[in-house]
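Participant: The primary structure of each chain is shown beneath.
There are 2 protein chains.
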Amino acid sequence: MASEQPKEVPTDPAIASSSGPAAEDPSQPSKKGAKKAEAKAKKEAEKARKAAEREAAAAASSSAASEDLAKDNYGEVSKDKKIEASTVPLREIGEEHIGKSIKVRAWIQNSRAQGAKMVFVELREEGNWTVQGVVAANSEGKPVSKQMVKWIGSLKLESFVSVEATVQKPLEPVKSCKVSGYELHLTKMYLVAPAPEMLGLGLAAASRAVGKLDDEEQTEGVEGLSITEGTPVASLATHLNNPAMHKRAPISQAIADIRIAVEDLFCEYLRARRFKKFHPPSLIGAASEGGANVFKLPYFEKEAYLAQSPQFYKQFEIAGGRKRVYCVGPVFRAENSNTPRHMTEFIGLDLEMEIEEHYHEVMHMLEGVLLHIFKGLAENYREEIELIRSVYPSEEFLLPEPGKEVRLTFAEGQALLRSEGPPEFANVRDDEDMSTPQEKALGALIRKKYNTDFYVLDKFPVTARPFYAMPDPENPEVTNAYDFMMRGQEILSGGQRLHLPAELEKTIRSKGLDPNQPGIKEYVDVFRSVGVPPHGGGGIGLDRVVAWYLNLPSVQLVCDYPRTPKRLSP
Amino acid sequence: MASEQPKEVPTDPAIASSSGPAAEDPSQPSKKGAKKAEAKAKKEAEKARKAAEREAAAAASSSAASEDLAKDNYGEVSKDKKIEASTVPLREIGEEHIGKSIKVRAWIQNSRAQGAKMVFVELREEGNWTVQGVVAANSEGKPVSKQMVKWIGSLKLESFVSVEATVQKPLEPVKSCKVSGYELHLTKMYLVAPAPEMLGLGLAAASRAVGKLDDEEQTEGVEGLSITEGTPVASLATHLNNPAMHKRAPISQAIADIRIAVEDLFCEYLRARRFKKFHPPSLIGAASEGGANVFKLPYFEKEAYLAQSPQFYKQFEIAGGRKRVYCVGPVFRAENSNTPRHMTEFIGLDLEMEIEEHYHEVMHMLEGVLLHIFKGLAENYREEIELIRSVYPSEEFLLPEPGKEVRLTFAEGQALLRSEGPPEFANVRDDEDMSTPQEKALGALIRKKYNTDFYVLDKFPVTARPFYAMPDPENPEVTNAYDFMMRGQEILSGGQRLHLPAELEKTIRSKGLDPNQPGIKEYVDVFRSVGVPPHGGGGIGLDRVVAWYLNLPSVQLVCDYPRTPKRLSP
Chain A
1 MASEQPKEVP TDPAIASSSG PAAEDPSQPS KKGAKKAEAK AKKEAEKARK
51 AAEREAAAAA SSSAASEDLA KDNYGEVSKD KKIEASTVPL REIGEEHIGK
101 SIKVRAWIQN SRAQGAKMVF VELREEGNWT VQGVVAANSE GKPVSKQMVK
151 WIGSLKLESF VSVEATVQKP LEPVKSCKVS GYELHLTKMY LVAPAPEMLG
201 LGLAAASRAV GKLDDEEQTE GVEGLSITEG TPVASLATHL NNPAMHKRAP
251 ISQAIADIRI AVEDLFCEYL RARRFKKFHP PSLIGAASEG GANVFKLPYF
301 EKEAYLAQSP QFYKQFEIAG GRKRVYCVGP VFRAENSNTP RHMTEFIGLD
351 LEMEIEEHYH EVMHMLEGVL LHIFKGLAEN YREEIELIRS VYPSEEFLLP
401 EPGKEVRLTF AEGQALLRSE GPPEFANVRD DEDMSTPQEK ALGALIRKKY
451 NTDFYVLDKF PVTARPFYAM PDPENPEVTN AYDFMMRGQE ILSGGQRLHL
501 PAELEKTIRS KGLDPNQPGI KEYVDVFRSV GVPPHGGGGI GLDRVVAWYL
551 NLPSVQLVCD YPRTPKRLSP
Chain B
1 MASEQPKEVP TDPAIASSSG PAAEDPSQPS KKGAKKAEAK AKKEAEKARK
51 AAEREAAAAA SSSAASEDLA KDNYGEVSKD KKIEASTVPL REIGEEHIGK
101 SIKVRAWIQN SRAQGAKMVF VELREEGNWT VQGVVAANSE GKPVSKQMVK
151 WIGSLKLESF VSVEATVQKP LEPVKSCKVS GYELHLTKMY LVAPAPEMLG
201 LGLAAASRAV GKLDDEEQTE GVEGLSITEG TPVASLATHL NNPAMHKRAP
251 ISQAIADIRI AVEDLFCEYL RARRFKKFHP PSLIGAASEG GANVFKLPYF
301 EKEAYLAQSP QFYKQFEIAG GRKRVYCVGP VFRAENSNTP RHMTEFIGLD
351 LEMEIEEHYH EVMHMLEGVL LHIFKGLAEN YREEIELIRS VYPSEEFLLP
401 EPGKEVRLTF AEGQALLRSE GPPEFANVRD DEDMSTPQEK ALGALIRKKY
451 NTDFYVLDKF PVTARPFYAM PDPENPEVTN AYDFMMRGQE ILSGGQRLHL
501 PAELEKTIRS KGLDPNQPGI KEYVDVFRSV GVPPHGGGGI GLDRVVAWYL
551 NLPSVQLVCD YPRTPKRLSP
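Going line by line, the protein sequences match chains A and B.
Be aware that the first sequence starts at 1, since it is given in the UniProt record's numbering, and climbs by one per residue.
Be aware that the second sequence starts at 1, since it is given in the UniProt record's numbering, and climbs by one per residue.
One or more of the hints may lead you astray.
Calculated pairs, DSSO-like style, for lysine-lysine (alpha carbon to alpha carbon, straight line, at most 30 Å) [as the list claims (entries may be wrong)]:
#: 1; chain 1: B; residue 1: K277; chain 2: A; residue 2: K521
#: 2; chain 1: A; residue 1: K276; chain 2: B; residue 2: K277
#: 3; chain 1: A; residue 1: K404; chain 2: B; residue 2: K79
#: 4; chain 1: B; residue 1: K302; chain 2: A; residue 2: K302
A short list of chain A residues far from chain B (calculated; beta carbon distances all over 10 Å) [unchecked claim]:
#: 5; residue: I15
#: 6; residue: K100
#: 7; residue: E140
#: 8; residue: P466
Read the hints as simulated data drawn from the structure, not as lab findings.
Quick caveat, the model's predicted, so the values are computed rather than measured.
Glycine included, C-beta positions come from ideal geometry on N, C-alpha and C.
The following block holds chain A by itself, in its conformation from the complex (with noise of 0.2 Å):
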């Protein structure tokens, strides 16, 4: 039969559950009494009788008290230990809720008690909304026993709790909570989750910029680290190796809603500007690229490769009749590289494009889509931002003015490696692919010369692109095609594709390739097989987007589960 539920759900056993009953309190003090004086003291037992009734009523605290009159307001969550009031999220409270009951669900993040009687503990529900509870024993409303108080500090930190308390204006505001300007007198509190006896990383640790970065390689760019003497400060294997605490701590929360805007702000753009969404596969036949850094595997009788971009796949879509596509989704590189620029696996935000008179019709487009996401970042993100940089600090990410968007040809770039750059550069060649030291020398030229961190490298040589670079018609040493740079590292590649099967085919023999061997004859035969307009796109790298924008000194520190040559867990 089918049952027609109430949105309001029932109360669940198996949430109610634990592994056990309610943990009372062994140190809960024995009945005293006037039981041994029968006779000759009974005035005095008498009056010591009284006064306990007297203390217990006005105190069920009191270590006097003969029964704990809290005793269903605290313990580990059950049936029967429900909380009435509705749940007010933290960062949803407000005067009209002062002196009123709500329920809050949270982590225990810092717990201090003062005296036996009073414990102040330090909340936290998702996004480093944190907020102080007090908890005093009294009789007066609702009773909490000094038992109650005494449980409440000994949680450990970490746990999860589900709380009922009462909104009330603190004396004056609590600076070490976002939500400052009130504090929840607490009435109940169920522990849902314990924590361990110890934790692998604490919140202290994980808040603080990692130590030592995994590899020797990977010690470049942790220059101006702030660490304190005498706090602890993880590595940042530690801080991977403890994924629930890495992520609890404010900056990795920060530094995962500035990805997520990233990617949406990318999104957004596009959609906006009629887009289509399409999934590349990951598995495919064939080595498309060379061969060269692919990951391979046993697939049923025969073997697959795991895709290193959606390169064809966008292209395929072009020819497929969509005028402008976008994709949002992992690719893989098999390259033994241990450097904090490199991961195996990474989120690639790619876009394709028709060409309607001139390639830089999408360079324009991919300049706009990340001038965009800046603008998102800088309106709306400033508050993740000054909390990144309290740990990392950074100085401001420098754009160029509208309308006045830096771009260099590649040899520019060269000549002025060439002619400023430091004496190593004195000879860089147009026709040589840059190294990562030249591009970060030329950032460092840039920045100073034209005030940007942004700017675009175009017109690549010919030996440095890919067989389907469409080469410059005026000069064919060079490609339509050009590289994005962030504080002088790449984040974007992109440019023009061949689009005519004839020059398809002749540029890949120019690269002694075969234009019918596996991986490369599927492609070829796509442009075979109908007619595909010009178009040409590109693709950014999530985490270097990320990365660099907030000078972070990883992309692993950015990437939600990094994988290297060295990690695949967790």
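Place chain B on chain A using the hints.
Facilitator: Below, chain B without anything else, positioned relative to chain A:
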């Protein structure tokens, strides 16, 4: 030097350049005149010459024309063949354009000559926007020569052209085109990308229902295709082997647009409810869920696996302090199943959320997001749905009345099958998972009884669920886990997960597994390392939702690039 390029981009020779000069018509007639009868017939000759001149002046296209006055207005695109008019997408043509000159870039979908002086050309843009173009020899206004008409008529179907045209009202609506209220009087046409002599798959066949599905097994579900005799019908394999033409068909674009909408509606609904996006990894260090049906690959000195689901990572996000998360990305199954329901790689729409009181909070959220998707499709994709139905007929997808969602327990479903289902299901058991035929039979029973194609099966038996499923505390034989069904086929699996490490370890052992074995240990460790609140979620197969909503014969018609045991390309 940094160039400050204007947003108006120049024409790039890389687009203008093509495989040669504009094709001249070899059949151009030779001059006729009065050459032979020089003396005697001078008068007649003069008369004829004047007549020819008049004709040439009146119509440059005349067979007597000595010169092709329109020669710059057609041919292969080149640097100096330019169209100054502004581009107007076909979907935007309106009354304001009548009599005006516009530029259009489109594929030639069809062409038909009317005598030697006139050709009708159907032009198509993305999304099946088609318009009728007309070109007729004339010398008024912008000259159109007979040669130009002939050249246009000779272009291969599916060539991509750039066109200048004057917008006119047709005498009567052009029924064969989506833009029926306007037609284009062509004044220039340049060939941007020629189609080949022969198409591997023509648009007519690409627009029809597929014939043979790849395998014997795949023929289930093909009933109901209306295949007109005499019209070519291509197999699914032919479609997929010709991706460009397969995708150009209006039905493919409609299916792809609906697929995008499903994903967007999913994300939109969850974002509005404070779900945070994240990206789980594809590469994992151990086969997490038992090791069956998982792709394995060499990974530097180790081995890696491709994730079968983002399950563990969604839970890590909850452990990491997020209240609600979702993700969209590929998952992999090394299952040798050649059916219309299975692919080896597919896009999963996944969510996970904290539970406050009862796991039905999650179930209701999943119902909510799916109903939001169905509502969005019915409201905004009526035209696409009708187009798809004209090729793949289907009955309207029935939804429950709001507030009357149909939710059966697994045991109730089995009881219904036993009592009212086909005789072969008279003895189905409550402690054994349903087979696909059982599911379909139950779907038919529920449609008849409750008038819905969308319903939930709750409380699956423990035997049919993985180790992380939360048992029902009131009946340890079943779990707090459910499947969602569309037209009798599963599209979602989900439920509450175990969140306390002791209970998790116990269940893992009861399934014959070791909580400390690779792949499982690092999962359990997260719950050991911090307190994690109760939580649950579900995973939706994107392609199945689209396929079963539209009653398509295979998920391979939905996926952009389907992967099956037999297909890894294109």
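Participant: Is the Cβ of A/I15 more than 10 Å away from each Cβ in chain B?
Facilitator: Contrary to the label, A/I15 does not stay out of reach of chain B, its closest Cβ about 5 Å off (not over 10 Å).
Participant: Quick one: work out the minimum CB distance from A/E140 to chain B and report holds if it exceeds 10 Å, violated otherwise.
Facilitator: 29 Å, holds
Participant: Assess, step by step, whether the Cα of B/K277 is no farther than 30 Å from the Cα of A/K521, and give holds or violated.
Facilitator: 37 Å, violated
Participant: Holds or violated: B/K302 with A/K302, Cα cutoff 30 Å?
Facilitator: 21 Å, holds
Participant: Take a quick look at whether A/K404 and B/K79 sit within 30 Å of each other, Cα to Cα.
Facilitator: 28 Å, holds
Participant: Far enough from chain B: is every CB of that chain over 10 Å from the CB of A/P466?
Facilitator: 16 Å, holds
Participant: Over 10 Å to the closest beta carbon of chain B is the bar; see if A/K100 clears it.
Facilitator: 19 Å, holds
Participant: If you draw a straight line from the CA of A/K276 to the CA of B/K277, is it 30 Å or shorter?
Facilitator: Distance of about 20 Å is within 30 Å: holds.
The structure is inconsistent with the numbered hints 1 and 5, although it conforms to all the rest.
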